[in-house]
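As a plain string of letters, each chain reads:
Number of protein chains: 2
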Amino acid sequence: MNDFNFYSPTEFVFGKGRETETGKYVRKYGGTKALIVYGGGSAVRSGLIGKVQRSLDENGIGYEVLSGIKPNPVDTPVYNGIEICRKSGIDFILAVGGGSVIDTAKAIALGVPYDGDFWDFYSGKARPEKALPVATVLTIAAAGSEGSPDSVITKTDGMLKRGTGTDLIRPKFSVLDPELTQTLPAYQTACGATDIMAHVFERYFTNTKEVEITDRLCEAVLMTMIKETPRVIADPDNYEARANIMWAGMVAHNNIVGVGRDQDWNSHGIEHELSALYDCAHGAGLAVIMPAWMEFVHKHDVMRFAQAAVRVWGVKMNFADPEATAVEGIRRFRSFLHSIGMPINFAELGAKAEDIPVLVDKFGVGSGETGGFVHLKADDIAEIYRIAAKAEL
Amino acid sequence: MNDFNFYSPTEFVFGKGRETETGKYVRKYGGTKALIVYGGGSAVRSGLIGKVQRSLDENGIGYEVLSGIKPNPVDTPVYNGIEICRKSGIDFILAVGGGSVIDTAKAIALGVPYDGDFWDFYSGKARPEKALPVATVLTIAAAGSEGSPDSVITKTDGMLKRGTGTDLIRPKFSVLDPELTQTLPAYQTACGATDIMAHVFERYFTNTKEVEITDRLCEAVLMTMIKETPRVIADPDNYEARANIMWAGMVAHNNIVGVGRDQDWNSHGIEHELSALYDCAHGAGLAVIMPAWMEFVHKHDVMRFAQAAVRVWGVKMNFADPEATAVEGIRRFRSFLHSIGMPINFAELGAKAEDIPVLVDKFGVGSGETGGFVHLKADDIAEIYRIAAKAEL
Numbered sequence: 296m297n298d299f300n301f302y303s304p305t306e307f308v309f310g311k312g313r314e315t316e317t318g319k320y321v322r323k324y325g326g327t328k329a330l331i332v333y334g335g336g337s338a339v340r341s342g343l344i345g346k347v348q349r350s351l352d353e354n355g356i357g358y359e360v361l362s363g364i365k366p367n368p369v370d371t372p373v374y375n376g377i378e379i380c381r382k383s384g385i386d387f388i389l390a391v392g393g394g395s396v397i398d399t400a401k402a403i404a405l406g407v408p409y410d411g412d413f414w415d416f417y418s419g420k421a422r423p424e425k426a427l428p429v430a431t432v433l434t435i436a437a438a439g440s441e442g443s444p445d446s447v448i449t450k451t452d453g454m455l456k457r458g459t460g461t462d463l464i465r466p467k468f469s470v471l472d473p474e475l476t477q478t479l480p481a482y483q484t485a486c487g488a489t490d491i492m493a494h495v496f497e498r499y500f501t502n503t504k505e506v507e508i509t510d511r512l513c514e515a516v517l518m519t520m521i522k523e524t525p526r527v528i529a530d531p532d533n534y535e536a537r538a539n540i541m542w543a544g545m546v547a548h549n550n551i552v553g554v555g556r557d558q559d560w561n562s563h564g565i566e567h568e569l570s571a572l573y574d575c576a577h578g579a580g581l582a583v584i585m586p587a588w589m590e591f592v593h594k595h596d597v598m599r600f601a602q603a604a605v606r607v608w609g610v611k612m613n614f615a616d617p618e619a620t621a622v623e624g625i626r627r628f629r630s631f632l633h634s635i636g637m638p639i640n641f642a643e644l645g646a647k648a649e650d651i652p653v654l655v656d657k658f659g660v661g662s663g664e665t666g667g668f669v670h671l672k673a674d675d676i677a678e679i680y681r682i683a684a685k686a687e688l
Numbered sequence: 296m297n298d299f300n301f302y303s304p305t306e307f308v309f310g311k312g313r314e315t316e317t318g319k320y321v322r323k324y325g326g327t328k329a330l331i332v333y334g335g336g337s338a339v340r341s342g343l344i345g346k347v348q349r350s351l352d353e354n355g356i357g358y359e360v361l362s363g364i365k366p367n368p369v370d371t372p373v374y375n376g377i378e379i380c381r382k383s384g385i386d387f388i389l390a391v392g393g394g395s396v397i398d399t400a401k402a403i404a405l406g407v408p409y410d411g412d413f414w415d416f417y418s419g420k421a422r423p424e425k426a427l428p429v430a431t432v433l434t435i436a437a438a439g440s441e442g443s444p445d446s447v448i449t450k451t452d453g454m455l456k457r458g459t460g461t462d463l464i465r466p467k468f469s470v471l472d473p474e475l476t477q478t479l480p481a482y483q484t485a486c487g488a489t490d491i492m493a494h495v496f497e498r499y500f501t502n503t504k505e506v507e508i509t510d511r512l513c514e515a516v517l518m519t520m521i522k523e524t525p526r527v528i529a530d531p532d533n534y535e536a537r538a539n540i541m542w543a544g545m546v547a548h549n550n551i552v553g554v555g556r557d558q559d560w561n562s563h564g565i566e567h568e569l570s571a572l573y574d575c576a577h578g579a580g581l582a583v584i585m586p587a588w589m590e591f592v593h594k595h596d597v598m599r600f601a602q603a604a605v606r607v608w609g610v611k612m613n614f615a616d617p618e619a620t621a622v623e624g625i626r627r628f629r630s631f632l633h634s635i636g637m638p639i640n641f642a643e644l645g646a647k648a649e650d651i652p653v654l655v656d657k658f659g660v661g662s663g664e665t666g667g668f669v670h671l672k673a674d675d676i677a678e679i680y681r682i683a684a685k686a687e688l
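Chains as they are written, first to last, in this note's numbering: chain R, 296 to 688; chain C, 296 to 688.
Chain R with its partners taken away, still in its complex shape:
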């Protein structure tokens, strides 16, 4: 096991109707005037934004709003949000939505007290030193941004999708009401579930030895997703399954299942180029990329893939041919993703094999390497896109 620090100070406020307590928690964490960041009209039509505003009113918290945040969030609203905050004396950023809204809110929180361009933190030009406090009211179980120190934003100029991470933008509190996710269409629900599983697999496939506790915790989240996701696809109103998925989504990404081990994250990076180019859902892109990545890298550690196959997917160990066990685990993952309505190849995603050179170029590894489990060069990444392009059940 590697040495590590683990710090997850977010207060999670979990359960039915708890978004009505938002104002109380903003006050608890020192906010006096908030910027409410949200996405489209559904949050208004469902009455959620109204509930949050009433809760702020009741607690004497002023607010401004920034709406219209879209999936695969870009930089433009971040600049708008920073301007509003500076003009209006905002001291607290409240995201009401999913990963895109939360990541935008985090970018604004970093940008307000910074003299330069907030993009400096995403391009790697500068390290954040302060941020406004951020909190969230979560509406989809997926990104894990409600409990993570991460934010991913796309720069409109060049459509570069880049991330940053700092404890400064760990949410002060996150309201997790599973009821808010019951109105989500099946496709978005499945995209979220895929993202959650991918967050675990990016940590699971590691070269670090002797990590039984985090292996087992990773497997716990994966087995939960395998049980609960088909239930919400079949019955979107199943509160209990929604609740299990919502907590699993947080556990998957606040890093409690990932400490003490090298992690990979190439599947995320390779996917980001798909969602940046085609504006597809991140989860859908991961459904296409992650099994392809697994097929490309599994020979690097057959026994680790066999362990996942046996422990997570219930495959019988083939002692005469462990690789067959490993491959069967990957096959079951892709088959599971297909069963919940996810695309499994470029055609189903709406991507084009002829764009692969463009995707590889944008990925930007150049003549270098990337990844924590298997180091990949540009040619390897091209091959993973090719496997993903033509994948079949």
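To be clear, the hints were calculated from the coordinates, so they are not data collected in a lab.
Incorrect hints may have been included.
The calculated lysine-lysine pairs, modelled on DSSO-like cross-linking and capped at a C-alpha distance of 27 Å, are [to be verified]:
1) R/K522 - C/K323
2) C/K319 - R/K522
3) R/K611 - C/K522
4) C/K323 - R/K420
5) C/K425 - R/K522
6) C/K319 - R/K425
7) R/K647 - R/K611
8) R/K319 - C/K425
Fit chain C to the known structure of chain R by using the hints.
Using the frame of chain R, we list chain C on its own:
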């Protein structure tokens, strides 16, 4: 799943030699003068106290010391510690030790800013409203106090063992260096492992339905303990197994595996009377009590016990007789505890069956009931002691 709040703001500083960073973290969390609380001479002889003091010196942190804290910690040193703090202007309590030292440190932290008797918080007479900041350098994986909001203290007058819990005494940071646990005797190591497993089982046996995510997380910790504990009993210097157990011990008790579900905790309460009366190790008492409690209550939810047997202990499900599966799981638990050197009945623990009326009386349930999974009356508690008294493999 029940509604819940989850808040675990402790920064965990995990790895080899990281106790040399203690002073840096005391400074980070605002301490200027610390009370170092520790146990016996071994912490001095091993050089640990010296290392911590040097680290405080290097960071300009002053300190006083309070030593001699014993297992099953009592109130006397708490009063001494409070007095030292008030006299010397202490603003930070640093526990260097295991659960007894940490629980004492937490009690001092509560007592210093309180005008009345600190015991008020343990007797239920008052609720804590403030506390000095607490941090820990952990030397045994067991109590989970390094990440929990809890403290258990015994009042010398009457030997009453009582606990309190408040987020105010969650440690600001906890240094977890698995190397520090390599010198522990096998018996203490096994007591710690038993305590960790008991913390999970107290949460696992619940009447709350639809808690797959926390069920699976509980099982993850238990399976880790079943794999790693025999390795450290066989080879105390096995750093990797020690590291897995140390992180498992924190995960078992900061409540990430227990949120959203009713919990029981009767085994802990029933055991506390044993360790209060005989001054035996808490973990050893749990090894005697918990399987007995399981035998007494398992008919309340045979399928939950069968699930534990199958998922955790690898028992084959007996579909014709699920109770046989459940009972086999309990048998394997007791057998496992025996295999790591734990006592399994009163004789091996040094307790006496003729004291059972005294134990039941001290437990103090009177004509009432207690427990979250199965409500127990005084007669039930007596029967559990009787099962424990005469248990055999």
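Hint check results:
The straight-line distance between the Cα atoms of R/K522 and C/K323 is roughly 43 Å, outside the 27 Å bound, and the hint therefore fails. Proposed proximity of C/K319 and R/K522 is contradicted: the alpha carbons are some 44 Å apart, above 27 Å. Annotation: proposed proximity of R/K611 to C/K522 holds, straight-line Cα distance about 21 Å (limit 27 Å). Between the alpha carbons of C/K323 and R/K420 the distance comes to roughly 26 Å, so the proposed pair stays at or under 27 Å and holds.
For a cut-off of 27 Å, the pair hint linking C/K425 to R/K522 is broken: about 43 Å separates their Cα positions. About 20 Å separates the Cα atoms of C/K319 and R/K425, which keeps this hinted pair within 27 Å; it holds. As the CA atoms of R/K647 and R/K611 are separated by approximately 36 Å, the hinted pair breaks the 27 Å bound. The hinted pair formed by R/K319 and C/K425 meets the criterion: a straight-line CA distance of about 20 Å does not exceed 27 Å.
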